[in-house]
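There are 4 protein chains.
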Amino acid sequence: MKKRIGILTSGGDCPGLNAAIRGVARAAYTMFDADIIGIRGGYLGLIEGDFQEMNRSQFSNILTMGGTILGTSRTPFRDMRVVGEDQVDKVEQMKNNYAKMGLDCLVTLGGNGTHKTANMLSMEGLNIIGLPKTIDNDIYGTDFTFGFHTAVEIATDVIDRVHTTAASHSRVMVIELMGNKTGWLTLYAGIAGGADAILLPELPYDIREVAKVIERRASVGKNFTIIAVAEGAMDVKEAKMKRKQRDVKRAEEGCTNVSIRIAGQLEQMLNVVSRTVIPGHVQRGGTPCAYDRVLSTQFGVHAAQLISNGTYGVTVALKGERIVHNSLSDIAGVAKPVTANHHMVKTAKSMGISLGVAGD
Amino acid sequence: MKKRIGILTSGGDCPGLNAAIRGVARAAYTMFDADIIGIRGGYLGLIEGDFQEMNRSQFSNILTMGGTILGTSRTPFRDMRVVGEDQVDKVEQMKNNYAKMGLDCLVTLGGNGTHKTANMLSMEGLNIIGLPKTIDNDIYGTDFTFGFHTAVEIATDVIDRVHTTAASHSRVMVIELMGNKTGWLTLYAGIAGGADAILLPELPYDIREVAKVIERRASVGKNFTIIAVAEGAMDVKEAKMKRKQRDVKRAEEGCTNVSIRIAGQLEQMLNVVSRTVIPGHVQRGGTPCAYDRVLSTQFGVHAAQLISNGTYGVTVALKGERIVHNSLSDIAGVAKPVTANHHMVKTAKSMGISLGVAGD
Amino acid sequence: MKKRIGILTSGGDCPGLNAAIRGVARAAYTMFDADIIGIRGGYLGLIEGDFQEMNRSQFSNILTMGGTILGTSRTPFRDMRVVGEDQVDKVEQMKNNYAKMGLDCLVTLGGNGTHKTANMLSMEGLNIIGLPKTIDNDIYGTDFTFGFHTAVEIATDVIDRVHTTAASHSRVMVIELMGNKTGWLTLYAGIAGGADAILLPELPYDIREVAKVIERRASVGKNFTIIAVAEGAMDVKEAKMKRKQRDVKRAEEGCTNVSIRIAGQLEQMLNVVSRTVIPGHVQRGGTPCAYDRVLSTQFGVHAAQLISNGTYGVTVALKGERIVHNSLSDIAGVAKPVTANHHMVKTAKSMGISLGVAGD
Amino acid sequence: MKKRIGILTSGGDCPGLNAAIRGVARAAYTMFDADIIGIRGGYLGLIEGDFQEMNRSQFSNILTMGGTILGTSRTPFRDMRVVGEDQVDKVEQMKNNYAKMGLDCLVTLGGNGTHKTANMLSMEGLNIIGLPKTIDNDIYGTDFTFGFHTAVEIATDVIDRVHTTAASHSRVMVIELMGNKTGWLTLYAGIAGGADAILLPELPYDIREVAKVIERRASVGKNFTIIAVAEGAMDVKEAKMKRKQRDVKRAEEGCTNVSIRIAGQLEQMLNVVSRTVIPGHVQRGGTPCAYDRVLSTQFGVHAAQLISNGTYGVTVALKGERIVHNSLSDIAGVAKPVTANHHMVKTAKSMGISLGVAGD
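Chains as they are written, first to last, in our numbering: chain A, 1 to 360; chain B, 1 to 360; chain C, 1 to 360; chain D, 1 to 360.
Calculated from the structure, these hints are not laboratory results. Fair warning: there could be bad hints in the mix.
Pairs count within a copy or across copies, as identical chains cannot be separated in the list.
[To be verified] Here are the simulated DSSO-like pairs of lysine-lysine, each with C-alpha atoms no more than 30 Å apart in a straight line:
| no. | residue 1 | residue 2 |
| --- | --- | --- |
| 1 | Lys-319 | Lys-336 |
| 2 | Lys-249 | Lys-95 |
| 3 | Lys-242 | Lys-3 |
| 4 | Lys-349 | Lys-319 |
| 5 | Lys-319 | Lys-181 |
| 6 | Lys-222 | Lys-3 |
| 7 | Lys-242 | Lys-212 |
| 8 | Lys-222 | Lys-100 |
| 9 | Lys-319 | Lys-242 |
| 10 | Lys-346 | Lys-2 |
| 11 | Lys-2 | Lys-181 |
| 12 | Lys-212 | Lys-2 |
| 13 | Lys-181 | Lys-242 |
| 14 | Lys-3 | Lys-349 |
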């Protein structure tokens, strides 16, 4: 029996989206009779009815491509149920367009926000399958999301390149990596790049602890230090504030980037020269690494199997070596932060890497 | 209490060896009072007493380095107990040198052969911890070995580069990847590189099935085909022979590389031009990818923890997200082949990738 | 006035072809009113009349792509004038199709063979502009061809990766690089990769000189050696033979790859273990490096300027920093070999790199 | 006759410094009897007498290393003759230490500032040879400096990775590349990365022209735009100010990065979302590309030849394919800016790339 499958990609782009789209499509074509409908620009396309019938050739040559051939957009979950000035009920629109397209199911590729909306649509009666993509790796219930390991590879390459400059110039280099709320990317890249200190949003740092790292290294003749910091990292004082309060304080200080503040503080506290590197969007672009291509493909294939079985209301996940699926309602809105006693944090500490936390 | 730790690397080199050595050393130095003794050239160095007291600075700047700072060699397990012309009892020599160095334990980094000897030395009463390295990923009891994912990245990059030539010239490209007995590397890289057929040592192929792939693609207007083949792949006839018989047959046919034979057969069977690519040792050299740097570090840290606890006779392993350890006696000599019903094989088939097996 | 421009790519593919095609098209569109006609599969497409009117969007997103969107083929120049069994006069066919397409000119991207045919067509009265592409860098009159530096980068990366294995295993590694008649690629990659010996087609080697390199290194405690050899390299005896004679001799010896022979000879002559690496087509595939993207673009722009001026019968070339053009009749069929007193050869010798030539 | 050669690296580090150091040393050892003295931390080491006798093994394994094994520092030329509070006459100190080391000559690797001091020391009677390193490519008299092409490769890779995000999110991406006074890096990387607009310090931009690029692309259905901007780029108003005045104005506007200002302006002028990427020090770190390894080696070899001939007071340069040398007094303090009618600027314009200049 033929299945009509809608696909959309939502939220920030990341490497592996096209590989996952290709995985769903090719496995569906191989396993059963399928029509694939591409919805453009994320949920916005579903709201506005912007879609196209795809043909097989459109999934050729996209395995290695970064970004998403379907385009993406950010429509925050909290705005989904809000009827705006245009009097459009977005949820109704999405349901109507789903019906208009005659879909048997909708596959949504995205991060936490995407999964919240996916769960809501599932609750509304649509057949939904989620695929967890994000360079932040912060989706509950999966060991890894696709896009994460590519971002780690890129961020590690950045640290590698900065290393030689740090050593040649006897400098403290502060590398600010992506991760507003979660520090997985910084934690992994920091370990892989041989950072001396790793500062994460979840574990507020004390700048005096960071300074100690530099002093300890200097005391054994090491004239440079590498600090990997997540963009959302905060010091112990900020951590006690509410978000708005913190934003106000930072704006007053003219501190848009945490790395710039840290570098400035360290230069004031110690007799060192410090520089920042903020690679930004580079971390989420370009061809996926082989690991992510395989994982994206596995996720896509699993989604096709779920469609074949008529299993909906779930999101695909990696558990150990195996691909499994979790109920959307179990994982939507659940955070997956780095915790102080996570085994990767312990690994970092065992390597003598400072996390900037007092008393370590 | 101070621990004296010997380290050696044995068997073929692979990316991540230095990262793992650094992991053991740095975690040991961080966690307890440790002396590290580097044994040169693998078990040969243990037999011949070629070792040196290491100092901390020798573990700096090696995280990103390929190869092994300790050097390596291949002394097959089956020769370990053989007393040669020189009347040297190698096992006694190793035990003597272990005692002479005053070791509390010996950490051996290696593949299957290395683990067999490690287990034997453990049975002989030495305190042994194994770390599973190999680009083949064929060590029982661990999801992945370090070195494997770097090799997959390199092999995938090879397939990527060959892809454009295949398409531009309307050719069949046969890429021969490492893997004499096991096909994990070829399976992963084949999926990541978008291969149309993947041929593995464990699943004998029928050349007619491979030819069908090319014909099927031609019938939908695709003028090129990518075939990933493990160096140890064999056709259904060869699979029935004994190893020696097969080697004789191949020598008679002048067929040193399976890819060259396949390319020739396909050119004879079909009206196509076929070329081979044999990247060889490139797959096991150079800087480890970030994934392998993290895994190697985790393995090294776990080894240090085992030493701290006095847990010996084990090898470190990855299970899901966690680092665990298995008894050496449980895993030594146990193969970990690709099986026909492994989920990765099913993933490949679901993607429409041929494994060359009749009846698929 | 509108210009109708035909483009074809001929001979082996190489990185930068698409960048050059894009350069011609985009500069033509920017500078004057242009129609671009893409001829498929090289001269074969011109003979058979296989072409298509291109639109602007077809030149988007191809800057970074390896291979050629137009496809390519090898029709040796010597066969162009031969009327085959099919009684087709290929030259007349090409002239007819040129007229049928209503071309103002034809831009041919290719190597030496391509330029010979280009010159012949120019002699026959067609308006021809050549663009010199080849990873061999053997086109007379240009400092560099596009594709060359990308191949050097790839080959150097291969040598880098092999280096660590060579050192870890105390081995002699023989890396066979592309270059049947010319050694530029091997010479540059050998210097960039830190090879200890570099063997080129133009400078016949004495295997005893190569062995001396290994011995000299061993005498100062260096336990490994890196040899970069062009696929067309030959020893002093072979160099005195005619090509056919040499091919017969090699077939008798079962020596298809020069690197395999050299590795075998060195193992026989010395107490060493030697391995070969033959990266093959990897050297000509994939995305062009930045240098080649710029050069290809410059070449394409210059071609558009020539078309704008109505200057034909020329091929574009790099001279120092500047893009110039040479008469097709001056460069067609002229070789550009590595010579014994070329400054790059002297650079290699000054670095203590052996070229395997007796008496050096 | 033995030569005693001092070497120092000064100014910002860049890829190829170690390759050039190795080139000088190895060629000197090959060509004549040489002692190499490494001076640490640039001219500061010469002033303070911080140096060491090098041995041959210290030049092994550095070809591929980023940074400089000798360390570096920035001592501005204008401060060289200033006697500070410490009453130290730096020039006399340098001359004294040169004599104390018993040098036959001093090889200085650096950029424009380094060459000014080198020329001054030459005028003071020391035997000096300069090697032109900088990722800015702004040293007069050489086609290219080493380090430049590596930086172009890295910056191009950044643009590549950002490209897919721009397209997927329909965004204007503004990529800020290094180059405070000169735009060569941005010009080359912009062309290689397929940028739609390229803004350089030497060619003041009009933001309205930049906005037009986005509008023109939107009018043909292209929903994203890539802008490459050098960190030192300025708009037409700023270009009329004196440097101090400009710095004051920028500080008042809170505009530390030109890319952030441009992105903000474009968002205000047009209905677009714009993001910035500022890769920073990544551009000058890590292993040199093959091109720069070869060039650095050639430069080093040429320096050794000059020493052998006793030719001093010069700096090594690339002219076309050949390595030459210029008098230090001819090139010290001479700028090499991008000019409006340079052929690369014309190439960019012919490709339809906007330089943001009114009236183009």
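Contradicted hints - numbers only: 2, 3, 9, 11
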